[in-house]
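Construct the entire structure; sequences and hints are all you get.
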Amino acid sequence: MEKIIELKSVTKKFDGVTALRNVSFSVNKGEVVGLIGDNGAGKSTLIKTLVGVHNPDDGSIEIHGKLVANWNALKARQAGIETVFQDKALCPQQSIVWNIFMGKELSYPFGFIRQREQIEVANKLIREIGFTSKLIDAESPVGNLSGGERQGVAIARALYNEAELIVLDEPTNNLSLNETQKVFDFIYNVKKSGRSVLFIGHNIYHVYDISDRFVILDRGEVIHMLSKEKVHTADDLMKIMRETIKGH
Amino acid sequence: MFDEDNKKSNLKKYFHKNGRALGSMGYFLLLMIVFLIGAPEVWIRPNLHQSVFVMMPTLLFMVIPLVFLVASGEIDLSFASTYGLSAYVFALIVSAGIDPILGLFAGVFTGAIVGAAVGALIVFGKLSSLVASLGVLFLIRGFLFVSTNSRSITLLEIDSHWMYPILVGKIYGFPVQVIWAVLFVVFSYFLFNRHVFGIHIHHVGDNEVSASQMGINVKEIKIKAFMFVGVGAAISGIFSTLITYTFFPTQGFGYLLLALAAVFIGGTPYWGGLGTIAGAVFGVGVIAYMEIGVVAVGMSGTWRQFFNGLIILLALLGHRLHGDRVR
Ligand SMILES: Nc1ncnc2c1ncn2[C@@H]1O[C@H](COP(=O)(O)OP(=O)(O)OP(=O)(O)O)[C@@H](O)[C@H]1O
Ligand SMILES: [Mg+2]
Chain X
12 MEKIIELKSV TKKFDGVTAL RNVSFSVNKG EVVGLIGDNG AGKSTLIKTL
62 VGVHNPDDGS IEIHGKLVAN WNALKARQAG IETVFQDKAL CPQQSIVWNI
112 FMGKELSYPF GFIRQREQIE VANKLIREIG FTSKLIDAES PVGNLSGGER
162 QGVAIARALY NEAELIVLDE PTNNLSLNET QKVFDFIYNV KKSGRSVLFI
212 GHNIYHVYDI SDRFVILDRG EVIHMLSKEK VHTADDLMKI MRETIKGH
Chain A
21 MFDEDNKKSN LKKYFHKNGR ALGSMGYFLL LMIVFLIGAP EVWIRPNLHQ
71 SVFVMMPTLL FMVIPLVFLV ASGEIDLSFA STYGLSAYVF ALIVSAGIDP
121 ILGLFAGVFT GAIVGAAVGA LIVFGKLSSL VASLGVLFLI RGFLFVSTNS
171 RSITLLEIDS HWMYPILVGK IYGFPVQVIW AVLFVVFSYF LFNRHVFGIH
221 IHHVGDNEVS ASQMGINVKE IKIKAFMFVG VGAAISGIFS TLITYTFFPT
271 QGFGYLLLAL AAVFIGGTPY WGGLGTIAGA VFGVGVIAYM EIGVVAVGMS
321 GTWRQFFNGL IILLALLGHR LHGDRVR
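These protein sequence lines are chains X and A, in that order. One gets the working numbering by counting positions in the first sequence from 1 and adding 11 to each. One gets the working numbering by counting positions in the second sequence from 1 and adding 20 to each.
Any given hint could be a false lead.
[Stated by the list, open to error] Over the 12 Å line for every Cβ pair with chain X, so calculated as not near, a few chain A residues:
(1) Ala-137
(2) Thr-168
(3) Lys-190
(4) Phe-210
(5) Gly-218
(6) His-223
(7) Ala-231
(8) Ile-236
(9) Asn-237
(10) Val-346
[Claimed, not checked] List time: in silico DSS-like cross-link candidates among lysine-lysine, alpha-carbon distance up to 25 Å:
(11) A/Lys-146 to X/Lys-135
(12) X/Lys-257 to X/Lys-40
(13) A/Lys-33 to X/Lys-24
(14) X/Lys-24 to X/Lys-135
(15) A/Lys-239 to X/Lys-115
[Unchecked claim] Quick partial rundown of chain A residues pointing at chain X, CB under 7 Å, derived from the structure:
(16) Lys-32
(17) Ala-132
(18) Val-216
(19) Ser-230
(20) Arg-347
Please keep in mind that the hints were generated in silico from the structure rather than gathered at the bench. Note that the coordinates shown come from a computational prediction; the quantities given were computed from them, not determined experimentally. We treat Cβ as the ideally placed atom computed from N, Cα and C, and that holds for glycine.
The following block contains the structure:
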C-alpha cells in the first residue's frame with residue numbers, strides 16, 4: 012500500500028512536557044484514518060507535526076517514501092495536504108473569500124490577486140456547504156458568522172484545495188446534527204475520489220463509522236493501531252478506549 | 021421590491037466596508053468647513069493650500085507604509101530617524117561629488133536595511149516593536165548628532181542635476197512631488213488590497229497563529245513591512261533634503277508623532293488586521309491643514325499642538341462607531 016505521509020519515531024516536547032513520545036504513524040493512499048485519544052493525549056500535536064506547524068524534536072518525516080528536510084506548513088500544503096485545525100485557523104476580521112484563499116491566493120504574475128475569480132469560487136463554495144442566510148456572501152467578514160458557519164468556511168477551504176490528504180481535527184465540534192451529517196458526507200466523497208482523510212474525533216461512534224483504520228493515542232504514545240477488520244463494532248472500539256483510560 | 025432591498029443592502033455593505041475611510045474623509049471635510057467659516061479670507065488664499073501640498077507628499081511617503089505595518093500588528097517609531105539617516109547618506113554622497121542618482125539609491129537602500137534590521141530585531145529577538153523601535157529611534161538620531169557634530173550639510177547645486185525637476189520641480193507652480201505621492205498612494209492601495217503581500221499583511225495582523233498554520237511566513241511578512249516603512253521614510257527624507265537643499269541632524273524628528281497621528285486619524289485601528297490607505301490620505305490631509313492652517317488663520321503656533329490633540333481624540337472617538345475588534 013502506498014504511504015502518503017509517514018512519521019518515524021517522532022518526539023515533540025513543549026518546554027518540559029513531552030507531547031509526543033517516539034510516535035510512528037502513517038496514512039495510506041485512499042484510506043480514512045481515525046485518530047482517537049483522551050483530552051491532552053497529543054492528537055492535535057501529532058497532526059500539527061504532520062502538517063508542518065510544529066517541528067519535531069526528534070525523528071523524521073517522509074512524503075511518498077522520501078525523507079523531507081525543513082518540513083513546514085507551506086511545504087505540506089504544496090504537497091497536497093490540507094488541514095481543518097481544531098481552532099479553525101481563520102482570520103475573523105477578514106472576508107470569507109480571503110479566508111478561503113488564505114496562503115493560496117489565486118494571483119496573476121507579480122502577485123496581484125484575481126479577486127473576482129476568488130469571489131465567484133467562494134460564493135459557489137458557500138452555497139455548496141449550505142449557508143442559509145441571504146445576508147452572508149463571500150465578502151462578509153468571518154467574524155459575523157456562527158460557530159458552525161465558521162467551521163463550514165474552514166472545511167470549504169480544505170475542500171476547494173483538491174488535497175491528496177485532508178486532515179480534520181475535531182471538525183464536528185459545536186455542529187448541529189444536520190451539519191455533522193454534511194461533514195460526514197464530505198468525508199465519504201473525499202474517500203470515494205480516492206483521496207485520504209485523517210480524522211480526529213471524540214465521538215467514538217462517529218469515528219468508527221467513517222474510518223478504515225484506528226489509531227489510539229495515549230499520553231503522547233501510540234498504543235493501538237487497529238484495522239477495521241479487527242474491530243467488529245463501535246462498542247468494541249469503545250471498550251478498547253475505556254481500557255486505555257482505566258490504565259491511568 | 022426585492023431589487024430595492026438589494027440596493028439598500030449593497031449601500032449598507034459599502035458603508036460597512038469603507039466606514040473607516042469615509043469617517044476620516046468626514047473629519048477632513050469638517051475641518052475644511054470649520055476653517056472656511058472661521059477664517060474665509062485666509063482660506064481662499066492659494067498659498068495656504070500650496071504649503072499644504074508641499075507638506076502632504078512628505079507625510080504620505082511615511083504614513084502609507086505605516087498603515088501596512090500597523091495592519092500587520094506591529095508599530096515602528098524608528099522611521100523618524102531613518103528619515104534623517106537616509107537624507108544624511110544622500111547628502112554625504114552628493115557633497116562628495118558623486119552622482120546624486122547613486123545617492124538616491126544609497127539613501128533608499130539605507131532605509132530598507134534599517135527597516136530589515138529593526139524588523140529582524142523584533143521578529144527574531146522577540147522584542148516589543150514599540151520599545152525596540154524607540155531604542156533604534158534614539159540610537160540612529162544619536163549617531164547622526166555624533167557623526168555630523170550637530171552640523172547640517174547644504175547642497176546648493178543640487179537643482180542643476182537633471183533629476184531635480186523630475187523629482188521635486190514645479191510645473192506652473194505645481195510641485196511635482198505631489199504627482200509622485202499620488203502614484204505612490206495608488207500603487208500602495210493596490211498592494212494593500214489586491215496583492216498577495218497586502219492580503220498576507222491583513223492575515224498576519226488579524227491572527228498570526230492562523231496565518232502561520234495556513235503556510236504564511238509571518239516573520240518574512242513582518243520584516244518586509246518594516247522594510248517598506250524604512251524605504252518610505254528614506255524617500256521622504258531625501259525629498260525634503262532636495263526641497264530645502266539641506267540635510268540637518270534633527271531632520272524628521274518633528275514628523276514622528278504627526279505621521280503616527282495621521283495613521284490613526286485615518287481610521288487604521290491599532291490592533292492589527294485592518295487598515296485603510298484612502299483613510300490615511302485624509303488623515304494626512306487633516307494633519308497638514310492643522311499644521312499650516314492654525315498659524316495661517318492668525319492663531320499663535322502654540323495652539324497647534326492643542327488642536328492636534330483635540331482632533332486625534334475626536335477622530336478616535338468617531339472611529340469607535342465602527343466597533344470593536346471582532347474575534
Ligand atoms: N503550543 C503548546 N505549548 C505548550 N504545550 C502544549 C502546546 N500544544 C500542546 N501542548 C501540550 O501538549 C499536550 C497534548 O496536547 P494536544 O493539544 O496535542 O492534545 P489533544 O489530544 O489534541 O487534546 P484535545 O482532545 O483536548 O484537543 C497537552 O499536555 C498540552 O498541554
Ligand atoms: Mg486537540
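Item to check | Unsatisfied constraints (hint numbers, rising) | outcome: 4, 5, 6, 7, 8, 9, 10, 11, 12, 13, 14, 16 and 17
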